[in-house]
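Number of protein chains: 2
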Amino acid sequence: MSKEKTSIPKGTRDFGPEKMAQRNYIFDAIRQTFEKFGFLPLETPAMENLSVLTGKYGDEGDKLLYKILNSGDFLSKTSLEDLRKGYKQVVAKVANKGLRYDLTVPFARYVVMNRHEITFPFKRYQIQPVWRADRPQKGRYREFYQCDADVVGTDSLICEAENILMINEVFSSLGIESFIIKLSNRKILAGITEVIGAPGKETEFAVSIDKLDKIGRERVFEELTTAGFTADSLIKLLPIMDMKGTNNEKLELLRKMLSGSEVGLQGVEELEEIFGYISNFGLKDDHTKLDVTLARGLNYYTGSIFEVIALNSGIRGSLSGGGRYDNLTGVFGMDGMSGVGFSFGVDRIYDVMEEINAFPEENLVSTQVMIVNFDAASAAHSLGILTRLRQAGISSEIYPDAVKVKKQMSYANKKNIPYVLMAGSQEIDEEKYGLKDMTTGEQTRTSIEDIIELLKG
Amino acid sequence: MSKEKTSIPKGTRDFGPEKMAQRNYIFDAIRQTFEKFGFLPLETPAMENLSVLTGKYGDEGDKLLYKILNSGDFLSKTSLEDLRKGYKQVVAKVANKGLRYDLTVPFARYVVMNRHEITFPFKRYQIQPVWRADRPQKGRYREFYQCDADVVGTDSLICEAENILMINEVFSSLGIESFIIKLSNRKILAGITEVIGAPGKETEFAVSIDKLDKIGRERVFEELTTAGFTADSLIKLLPIMDMKGTNNEKLELLRKMLSGSEVGLQGVEELEEIFGYISNFGLKDDHTKLDVTLARGLNYYTGSIFEVIALNSGIRGSLSGGGRYDNLTGVFGMDGMSGVGFSFGVDRIYDVMEEINAFPEENLVSTQVMIVNFDAASAAHSLGILTRLRQAGISSEIYPDAVKVKKQMSYANKKNIPYVLMAGSQEIDEEKYGLKDMTTGEQTRTSIEDIIELLKG
Numbered sequence: 001m002s003k004e005k006t007s008i009p010k011g012t013r014d015f016g017p018e019k020m021a022q023r024n025y026i027f028d029a030i031r032q033t034f035e036k037f038g039f040l041p042l043e044t045p046a047m048e049n050l051s052v053l054t055g056k057y058g059d060e061g062d063k064l065l066y067k068i069l070n071s072g073d074f075l076s077k078t079s080l081e082d083l084r085k086g087y088k089q090v091v092a093k094v095a096n097k098g099l100r101y102d103l104t105v106p107f108a109r110y111v112v113m114n115r116h117e118i119t120f121p122f123k124r125y126q127i128q129p130v131w132r133a134d135r136p137q138k139g140r141y142r143e144f145y146q147c148d149a150d151v152v153g154t155d156s157l158i159c160e161a162e163n164i165l166m167i168n169e170v171f172s173s174l175g176i177e178s179f180i181i182k183l184s185n186r187k188i189l190a191g192i193t194e195v196i197g198a199p200g201k202e203t204e205f206a207v208s209i210d211k212l213d214k215i216g217r218e219r220v221f222e223e224l225t226t227a228g229f230t231a232d233s234l235i236k237l238l239p240i241m242d243m244k245g246t247n248n249e250k251l252e253l254l255r256k257m258l259s260g261s262e263v264g265l266q267g268v269e270e271l272e273e274i275f276g277y278i279s280n281f282g283l284k285d286d287h288t289k290l291d292v293t294l295a296r297g298l299n300y301y302t303g304s305i306f307e308v309i310a311l312n313s314g315i316r317g318s319l320s321g322g323g324r325y326d327n328l329t330g331v332f333g334m335d336g337m338s339g340v341g342f343s344f345g346v347d348r349i350y351d352v353m354e355e356i357n358a359f360p361e362e363n364l365v366s367t368q369v370m371i372v373n374f375d376a377a378s379a380a381h382s383l384g385i386l387t388r389l390r391q392a393g394i395s396s397e398i399y400p401d402a403v404k405v406k407k408q409m410s411y412a413n414k415k416n417i418p419y420v421l422m423a424g425s426q427e428i429d430e431e432k433y434g435l436k437d438m439t440t441g442e443q444t445r446t447s448i449e450d451i452i453e454l455l456k457g
Numbered sequence: 001m002s003k004e005k006t007s008i009p010k011g012t013r014d015f016g017p018e019k020m021a022q023r024n025y026i027f028d029a030i031r032q033t034f035e036k037f038g039f040l041p042l043e044t045p046a047m048e049n050l051s052v053l054t055g056k057y058g059d060e061g062d063k064l065l066y067k068i069l070n071s072g073d074f075l076s077k078t079s080l081e082d083l084r085k086g087y088k089q090v091v092a093k094v095a096n097k098g099l100r101y102d103l104t105v106p107f108a109r110y111v112v113m114n115r116h117e118i119t120f121p122f123k124r125y126q127i128q129p130v131w132r133a134d135r136p137q138k139g140r141y142r143e144f145y146q147c148d149a150d151v152v153g154t155d156s157l158i159c160e161a162e163n164i165l166m167i168n169e170v171f172s173s174l175g176i177e178s179f180i181i182k183l184s185n186r187k188i189l190a191g192i193t194e195v196i197g198a199p200g201k202e203t204e205f206a207v208s209i210d211k212l213d214k215i216g217r218e219r220v221f222e223e224l225t226t227a228g229f230t231a232d233s234l235i236k237l238l239p240i241m242d243m244k245g246t247n248n249e250k251l252e253l254l255r256k257m258l259s260g261s262e263v264g265l266q267g268v269e270e271l272e273e274i275f276g277y278i279s280n281f282g283l284k285d286d287h288t289k290l291d292v293t294l295a296r297g298l299n300y301y302t303g304s305i306f307e308v309i310a311l312n313s314g315i316r317g318s319l320s321g322g323g324r325y326d327n328l329t330g331v332f333g334m335d336g337m338s339g340v341g342f343s344f345g346v347d348r349i350y351d352v353m354e355e356i357n358a359f360p361e362e363n364l365v366s367t368q369v370m371i372v373n374f375d376a377a378s379a380a381h382s383l384g385i386l387t388r389l390r391q392a393g394i395s396s397e398i399y400p401d402a403v404k405v406k407k408q409m410s411y412a413n414k415k416n417i418p419y420v421l422m423a424g425s426q427e428i429d430e431e432k433y434g435l436k437d438m439t440t441g442e443q444t445r446t447s448i449e450d451i452i453e454l455l456k457g
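These protein sequence lines map, in sequence, to chains B and X. According to this note's numbering, the first sequence holds residues 1 to 457 in order. According to this note's numbering, the second sequence holds residues 1 to 457 in order.
What the hints contain is simulated information worked out from the structure, not anything from laboratory work. Check each hint, because a few of them may be wrong.
Copies of the same chain look alike in the list, so a pair counts if it works inside one copy or between any two.
Here are the simulated BS3-like cross-link-like pairs (lysine-lysine), alpha carbons at most 30 Å apart as the crow flies [to be verified]: (1) K182 to K414; (2) K63 to K77; (3) K19 to K436; (4) K93 to K56.
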């Protein structure tokens with residue numbers, strides 16, 4: 001058997017039953033929260049036209065798009081001249097479809113295509129895999145799920161407050177308590193560049209400050225200097241970066257520091273409004289921390305930005321994040337569609353849950369009871385028992401072959417099946433079946449009615 | 001705005017909230033049944049190495065595989081010489097990954113890769129999309145979901161009986177009552193070729209007889225003649241094809257007709273055993289119909305075969321189907337792995353349910369109550385109400401902006417939200433809120449406790 005034949009592509013994964021149960025536990029928590037907050041599901045195709053995807057993720061992103069070879073004679077539109085010029089000249093002629101790179105662009109494309117049917121504000125969630133031809137490494141995959149929720153068609157900051165609430169609800173229901181939600185606003189970043197004397201340099205500022213956690217202050221300052229920030233402006237930046245205290249104290253400070261910037265003050269007011277809503281919702285420990293060094297790399301954010309980090313954890317990077325954009329669909333020719341969206345990173349959340357042992361054990365159990373297959377007569381009778389168990393909603397199975405009981409028990413054990421039912425000839429005569437609790441090893445003999453009651457309880 | 005920019009690839013679909021709710025209704029029914037019968041979930045990556053996929057689906061299938069262009073300079077391994085020879089020479093050098101074509105081959109690949117960790121018999125289900133570069137037409141898509149359940153590592157015919165049970169349970173829970181499960185066995189087909197004097201021609205026979213519904217008896221006979229079947233053998237075939245009566249009567253007839261064929265009689269016995277188990281399970285109306293003209297095109301079936309057809313319906317083709325294979329993983333070098341598997345076709349099931357109006361209306365409702373946004377004070381108070389509703393598990397939302405009430409009502413209406421809650425200043429003072437039943441138009445004023453009780457009920 002060749003090894004190549006039975007491998008999977010680098011950076012992709014199979015999810016066997018145990019992993020699936022754990023991942024579904026996370027997906028279910030996210031889905032339930034999204035729905036409880038009035039979001040409805042959307043699914044888009046894995047394949048999108050490259051005209052939809054290209055140019056939306058920067059040059060680096062374009063390189064990471066997986067392109068699908070056109071069917072049939074894919075070379076028919078390519079001349080030898082093209083081929084001599086190299087692959088960049090050829091790619092657009094041999095591939096017109098690509099794999100979804102994120103869920104935001106397909107969502108924008110969907111909104112534009114269906115704008116006459118959609119009821120705005122449109123609250124949708126989407127849980128689907130995306131693909132990126134990235135270099136695989138620990139925690140970074142070429143195929144991974146994103147879980148997005150977006151509202152488009154409203155400026156209301158209630159939406160941002162609800163995002164904070166949903167993050168709290170999801171993590172609380174998953175048993176993750178050590179986390180913070182860093183919260184800021186792009187307008188504050190813009191205000192900062194104004195007051196330190198680098199107006200209009202908000203994008204460069206955001207891109208560099210975004211790397212603060214990774215590369216440290218010194219190198220961020222080097223980058224900013226290269227980007228044209230003066231020594232004077234960097235000195236003015238220091239007290240802003242060193243800001244300490246509660247969210248309210250920071251808001252107070254920012255209002256003073258940004259008093260000369262209209263846009264900056266607007267950012268401060270928006271943050272205050274959001275904190276007000278969170279308090280109206282009655283959320284006590286909201287885990288939020290105003291952090292002006294938060295930038296969120298993606299350029300399309302224009303208002304609130306937020307990101308979730310695990311505390312006291314070996315897991316780096318954000319577990320969730322999002323923000324407000326003014327013009328999601330502008331790139332497809334439909335302007336004025338403001339919205340706010342955020343995403344949960346299932347792989348990182350999974351890693352944190354493994355780290356703190358947050359997965360419930362019973363979650364892995366699917367089949368609740370296995371019936372031992374003694375012989376043909378026992379099996380025939382047991383099928384009737386199975387029907388009664390299943391009619392009562394109890395997941396159950398019979399071992400399909402009449403092999404040694406030890407082997408059947410080992411199967412139940414490995415599959416984490418908590419109960420084993422035995423219907424030998426005597427049990428069948430008396431209509432009292434053996435029931436073994438696989439955790440305690442305890443064995444009882446009782447009626448099918450009692451067994452159903454026990455297993456349903 | 002260019003039209004091209006906002007389109008999706010031919011043969012693919014977006015599923016908006018309503019379609020998603022309907023499709024999830026089907027997926028949930030299938031998933032619940034699979035799990036109730038002890039099947040556990042598996043997911044494999046969308047991308048597989050082409051070495052895994054190629055050669056598994058015949059020449060036609062190879063053509064329909066979507067291939068993914070290698071990243072970076074995909075032309076680096078291709079010489080101008082290769083390019084002059086045409087695309088068939090080039091494809092293997094520019095693409096080493098492809099999109100999943102079905103769920104069976106990735107399952108076989110998974111079993112081989114994980115054979116030392118898997119507990120056999122291994123019962124897995126898998127619900128994921130597959131991709132085929134087929135010509136799109138009504139009911140045929142380039143991206144569509146398959147829902148498979150397979151057991152490998154056992155010869156027990158209890159598995160086949162359980163497949164029949166699961167089909168009955170899924171359709172019954174979906175409200176589809178007019179269907180038949182055609183059931184046969186490849187060994188019976190082999191037996192037939194033996195007794196009509198065309199031994200060894202089982203594959204040709206299966207391939208032709210499979211088209212009976214589509215092209216009619218005359219053209220099937222033409223094909224068989226071309227394949228070397230004599231006129232004499234075709235005449236002997238007639239009484240077998242015209243067989244009528246109950247399943248038991250047909251079994252009786254077959255036992256006589258196939259008395260000269262060991263393998264044929266074995267097929268008859270297997271069918272009898274399966275019918276016996278179904279009866280042991282206590283299933284009264286099992287919808288099965290023994291049909292010796294059933295063949296199931298795919299060559300890897302070696303035992304039982306079955307297929308589900310909608311009766312009195314405009315929907316052609318099978319809603320579900322499957323069978324037993326002796327050697328699923330042989331192609332990956334692991335022999336002797338017998339199993340039985342079947343699949344539900346969600347798109348066809350969806351079409352049948354639309355045809356007979358089987359979708360429940362309340363299924364589409366996600367948000368149960370919307371709170372009207374009158375003004376800032378009302379909204380601030382309403383956020384506290386929302387928290388109470390959501391803590392009680394009630395999906396609820398506030399209209400994010402304080403726009404005209406008529407517009408908010410129209411939103412609730414279009415989103416099929418059954419209740420609207422109003423908290424104006426007077427309502428807030430009295431702690432009695434207005435609740436409008438959007439179906440009847442009736443309006444009451446009551447406490448939040450009563451509202452929660454009503455909505456939870």
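Inset, instruction - Would you pick out the hints that fail for this structure and give their numbers low to high? - result: 1
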